[in-house]
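J.: Protein chains in written order, with the working numbering: chain A, 116 to 316; chain B, 407 to 1053.
Careful, some of the hints might be misleading.
Computed, partial: chain A to chain B, Cβ under 7 angstroms [as the list claims (entries may be wrong)]: (1) F169; (2) F208; (3) F240; (4) E256; (5) E258; (6) F259; (7) G266; (8) Y287; (9) K289; (10) K290; (11) P308; (12) L311; (13) F314.
Capping the alpha-carbon separation at 20 angstroms, the derived lysine to aspartate or glutamate pairs in EDC-like fashion look like this [stated by the list, open to error]: (14) K149(A) to D571(B); (15) K1016(B) to E313(A); (16) K149(A) to D544(B); (17) K441(B) to E316(A); (18) K290(A) to D971(B); (19) K1016(B) to E316(A); (20) K567(B) to E222(A).
Rather than coming from a laboratory, the hints here were simulated on the basis of the structure. From the three backbone atoms N, C-alpha and C, an ideal C-beta is built for every residue, glycine too.
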Amino acid sequence: MIYKLVKILNSLILKFLSITFLFNCFSYTQNPDKQIYLSINPLITFSSNDFEDFWNSDVGLLSEFRFDHAIGQLGAGLSIMKFNSKNDLIPGFYGVDYYFLYRKHFELFSDFNLMLGLDIGIYEFRFEDKDYFESTGEKNEREFSVKLVSGFSFNISESWSSELGIGYSFIYTKKRIELTTFRIGLVKSFTAPSWLQEFLE
Amino acid sequence: MKNSFQICIVIFLFSFCSSYSQSSGEIILSRNDVKFLSIRTLSDIYAILPQIDLYTLDGYRHTLLMNNILKNKPSDVLILINGVKTNFGFLDKVNLSQFPVNHELIDSIIVKYYPSNYSGEYSSGVLIDIITKTPPEDISLLFNYSTGNEVGDPGPYRYTKYFSDNVDQFGPTFSFTSSYGTKDFNLIFNFIDQVSPATDPAILKRTTNFNFQNYQVRYSGLSVNSSVKTDFSRHNLFLAFTKTGQPLLGNIYGADLYFDDNLSTEIPYEKESFYIVSGNGIYLNNKDKLVFDISFKHSDSKQSKLSNDFSFRFIDMFVNTKIGFASSLGLIKYFSGFSYDYQGLNNNNESSVYRRDIYSFFTTLDFITSKNLTNKIDFNFRGEKRTSGFSAGVSNIFQTDKQNLFKLSFSISNLSHFDNSFNFRTNNFLTSVQNDTIVNYSKTKDNLYYLINFDYTYRPDINTPINSGVTYFYEKGLNYVLNDFVYDDQKGIIENKNQELFTEIDGSRGEFYLNVKHKFFQDFENRFYYRYSSYLDGTEIYNNIIKKIPKHKISYTIFYKPFIDLYSSVIITYLSSTEWVEYRNVESADNDLYKNKLSNVFLVDCSITKYLWKERIKVTAAIMNILNPDLSLSQKILMTGIRRNKV
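Isolated chain B (complex conformation) (with noise of 0.2 angstroms):
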């Protein structure tokens, strides 16, 4: 029997960097891309995802802005495994770094950053798809270890009058994972043990009980995937268990953080999570498949044991089914089926269970009418107890020969993500707080949602494409509202003083996007990506609400393979200046937790990787956020998107 052992240190592991393949919409990340790069935890890919606005306040959280920004909660990340939707998240929010998974056993990364239907499931925000890579034959054993420091400590002058805080470490993030595999099984275990440091000052100062919580969040993950394969069926399965707060191993304590974007703060809370995730393939001959997927999932989310401002306990339980058929009629390939969805939210221990059960129908056309242009056209309808909306989409693609390809798509949906906002699921969604009086007001039925992009491929020779693009956003009859913070100089605290309700909200943005990718050659690669982003036309509010994207966007990656066993690379981001429309009333020069205004930021990321051993044994060295006059080297380093709204 052979076994063998694959040891993977990462030491100063700050950052990753990236290579993908892009089109529309739709960028995928290749195993072989993650060679070059170096990852603590699996939100560390939004560093190489510029096509993505997100912003986060300590790289370990991240938010995404993208298109439900409109509907006043995060759009957050839809996240399925291997195809099938995991429910994976807390609320409203869905810390990537959080994912029970080993980055180095993910095969690649399929990524909507457009509205889409896939594989069943609709986003309107952005969807995930992780997809696991088969494990060697026979035995295998992966350890993992990464960690990193903020710099800007006090160092010997913390007992001078240079005295100054400490700051933040990364990590120390360990895993281990063991494989076994054969030809038609495999079974995966993997464990995760993270540690994120809290010790951000303007967390730490929004959040005066959190040093209870030993400065840190402690979060715990254990998985096991399987799969087998028969002459005539696919099977996937995918068992999780995840814990923050009180760690499987170690004794000390280390509460979640919550954002909560209604209070502006930071919630410390504890939780404890169980998934089933299944999807099955069934080849019923040749040409026609049956597909069935299965999800559950189980949480029970309180208040942090150590804090006492905010009671609560929630236990949330969801199932999704989901059944398809797939097959060929001639040339038109299509993807139909169901789905039914269960939503429980049992809230501090209530005898009453907020349940939504939501149910589908979906189907995916794929089809060639001429020699050189194939057609695409999908269809999704929702529907539950308060609402039902749909989605529907084409996509045309011409290519004119190996050197061009033209693209047009374009979708109308009234769909949003699945709102799992704890004042969605208690149904208060329809109320706001207006000079202290409750106001309710009803939902819009006839908000759309709009998107036009045509996008063109150049490929001069293999080594080079060249990816353009323009996109029409355009949003119609949705409801928004907007709180209005307030900083108290003299209590150290912000207020939401009043959240103003706007209905009918009309407004069209529009994007440009050019992406190039040039090899010089074998091993040395470059990528050039910028957006431009920009309000056309609607009201004021949806004006002002946009600003949080910034409208100029680029980002340069450097992909350098001197030698056999050495990887490096160089990531330099550039975003411009972003306004955060709930913090109008708040001057920065009171404070240092708030800003209305972010300056532009430049970001430079480099890191090198040296294998060892055969490439049992991996090293990765990362420096993130170098050059940053703003940050000077001494304040948070964190990724692209947008960084920090509260600093």
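Next up, chain A with everything else stripped away, as it sits in the complex (with noise of 0.2 angstroms):
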């Protein structure tokens, strides 16, 4: 049931982003002062189906570094998370998710912002029992992923916010993975040294 409830919400979720990007996103200006925001989750994921009948997972850690830009924010993200298998006839994994992100924020009302994003990226399976595999080639996958996020944050003081959110990853897999994530943590937000704002643009 709540992944009925989640993929309707992702659906929606995306849904408004094309209309934001399409008809929202025409022009823009840059914001001279570059902010940067660097942020840290703890996170915890469910899957379904099949997979679910494999592997269960522990919490995990996400972390991002995402900058202001004229259209939302872009970014990169890194998370690991341990996949325990439930047979030993098959190995558990560490799934490694690196992707590059886009977040837009929508003020609700002061201090409050809900935040819609998406992620692309890599995901990949490092597999945990060497002496499983007889080349190194066999110990890692890697897949293409998509997620979508959103979310609330809460400024707690000018340079401090917190966040909580819901992911809705696809792992594109010949037997597809959808893993939904929520996570929970601490942005802090600085304001981009000169170097780093030419960087950036």
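Could you fit the two chains together into a complex? Lean on the hints.
T.: Here's what the structure looks like:
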């Protein structure tokens, strides 16, 4: 049930993002002082269908680097999550997700924002049991992934904020993997030094 | 001294999208267009050239189907650099992916996809002239890295009951370019290293020993491009060395693949080629110009050192010289000249060389008949020991006002592309194996090719050119050897059971095209292209052969630049179903390698590019072939044109 709700929610987010992108973003102006955001989030993951029969997850960790851009926030992120095998014949693995991200914040009321976003990247499966493999090439698998993200952020102070979010990942393996992640974390913001501003433009 | 560093990192790079200027039979891709696009290898430009009919099995090697489709050989590409022929390719196949020039150094690409006389060269297939750009003054460096992955790997399910094979990676491709420029002189050095993984199950099933080649094609290319300007002359020099098999960097071997159309399978081979291409223009006075071009190619190709199924070694040499004179007589501008081409092929170190001496005379006249009417006449005569032929064309452009432009073109020819196939080069081109008997036949001498094109461009405003036209093709007096492939399910191999000879083939076909470009505003542009192609009249075999070309083709492209440092594009392509007559007796139920009929293809490609550090760094992410239910995002991801005739 929860997955159906998440799917419906993400479908609505995707449509909203598309509309925002197409009709709300035709011309932009750049903020002269570019803000940089560093975030760190513990996260938990839920999966569905057959994936759940083989693996379950521990608590993972996610970190993102974002910067202000005229169209929203752009950046990159990395998350790591351990998946334990439920079956001795199947290896467990670390799921490492590296991605480029896009975020758009909408102020709902003072210091409280709605956040919508999209991540595109590579999901890497790093298998644990080294004795299990004949060659090093078998230890890792990688696949393209897309993640829809939504959540809320709250400004704690001028440079600190907290965020609570949900992400829904599509990993395009032959047998599709869909993961739902919940995250809660802190974000530190600061004004980019001039050299970094120049680099990002 | 000002040093500038340009670092170009291209990640997840699958596709390339387009913008171009088009008139009948010609497309010009400009440097500015390319900014919206992402390119892994140069052949990615095909993704945005829906006017060209081609097929590809792996997205790396492409074979064109146009115009010479009836002449039993693929009508591959004639590649020029700065207007001078390069002879780039291996036998009758040209892999544009391996052309040793970094795409970042290309100023524009001129593509001729109807039979044409261009710069003294005749092409009955597709001609691509790569115009290099002038590098910035002083020293500059450019690094480029791209890689990508086909989706559909097994992931963690690899170790479960849902096991599946791994799928292909794209690349990585690495290139390094260094240039030095002054006002009148520039020098560019290019190095390209490509890995093209060949893990496609269909290719591996056909080529059982390809695992020894490490499941990949390795290619290295080195080139030097230089130009000099003086008050009275222009000189370009292009030197290149290319190598497949053992790369220049690294020690992992990877043979190249040649798809043999008569065997319907890939042959692993390795090759080293060396090119010298020089174009020279000398201005005698304000209106007279003397052109002297020379091109040399030496190539040594042999079977892969890790294969033993086909034993061959070709040492191939091409020398082309061309001298032309451009001037004007009143309102008539003309360019005329002679060329001489030498081709020598030594097979398996035999003492004899299969030699061809080809000479040609060409002329082009441009003149203005009235205020609104301009005309062009071109003529090319080509002769060699075996045969001779000619091509002639007339085109008239009538511009009624700033909004309306009409063009009527007519061309007639009995020339084809230079046939560089092995059989032709070794004088075996007039044989077929029919019911286990070698049949000799004579080449018909009255084969003719006619083309009539009517083209209309309406430009209601500067942002909306609408181009439309009809083209009529008529071919007569052709021979065709029809292969008959049968798949042996027990052995898992394909066999060419018979070659049936057809002579005196006549046929005509027509096409209608519509090309609309519209800019909603400065940074938001879309392009629409539709083409309907149909058999009109002729013998049954003619009708069956041209079914390889999709009847309907639609391409819709969006370019959007939301901000000064962001470029994005979406390309949507539709191709209707096609039939491949050579595989008519292959039942697709028997195998998963070959199919007689290919269903409709619907491709969606997206890319987004972010520039960093004042355009010194470019990062592109691209996804190809979204929403394709047939491929389920799990099989091959290919480009426009005909997708894999042997699945």
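J.: Under the criterion that the straight-line Cα-Cα distance not exceed 20 angstroms, is the pair K1016(B), E316(A) satisfied?
T.: holds, 9 angstroms
J.: With 7 angstroms as the cut and Cβ atoms as the points, is F314(A) at the interface with chain B?
T.: Since the shortest Cβ distance to chain B is 5 angstroms, the answer is holds.
J.: At a threshold of 7 angstroms, is the proposed contact between Y287(A) and chain B supported by beta-carbon distances?
T.: Holds, because the Cβ-Cβ distance from Y287(A) to chain B comes to roughly 4 angstroms (cut-off 7 angstroms).
J.: Should the hint that G266(A) touches chain B count as held when the rule is a Cβ pair under 7 angstroms?
T.: Cβ of G266(A) sits 23 angstroms from chain B, so the hint is violated.
J.: How about L311(A): closest beta carbon in chain B under 7 angstroms, or not?
T.: Since chain B brings no Cβ nearer than about 10 angstroms to L311(A), farther than 7 angstroms, the hint is violated.
J.: Quick check on P308(A) please, does its C-beta sit within 7 angstroms of some C-beta on chain B?
T.: violated, 14 angstroms
J.: Holds or violated: K149(A) with D571(B), Cα cutoff 20 angstroms?
T.: violated, 46 angstroms
J.: Taking only the CA atoms, is the gap from K441(B) to E316(A) under or equal to 20 angstroms?
T.: Distance of about 16 angstroms is within 20 angstroms: holds.
J.: Hey, does the K289(A) contact hint survive, CB to chain B under 7 angstroms?
T.: holds, 4 angstroms
J.: Closer than 7 angstroms between Cβ atoms is the bar; does E256(A) clear it against chain B? Give me holds or violated.
T.: holds, 5 angstroms
J.: Let me know if the C-beta of E258(A) comes in closer than 7 angstroms to any C-beta of chain B, holds or violated.
T.: holds, 5 angstroms
J.: Regarding the pair K567(B) and E222(A), is the alpha-carbon distance no greater than 20 angstroms?
T.: violated, 48 angstroms
The structure fails to meet hints 7, 11, 12, 14, 16, 18, 20 from the earlier list, while all remaining hints are met.
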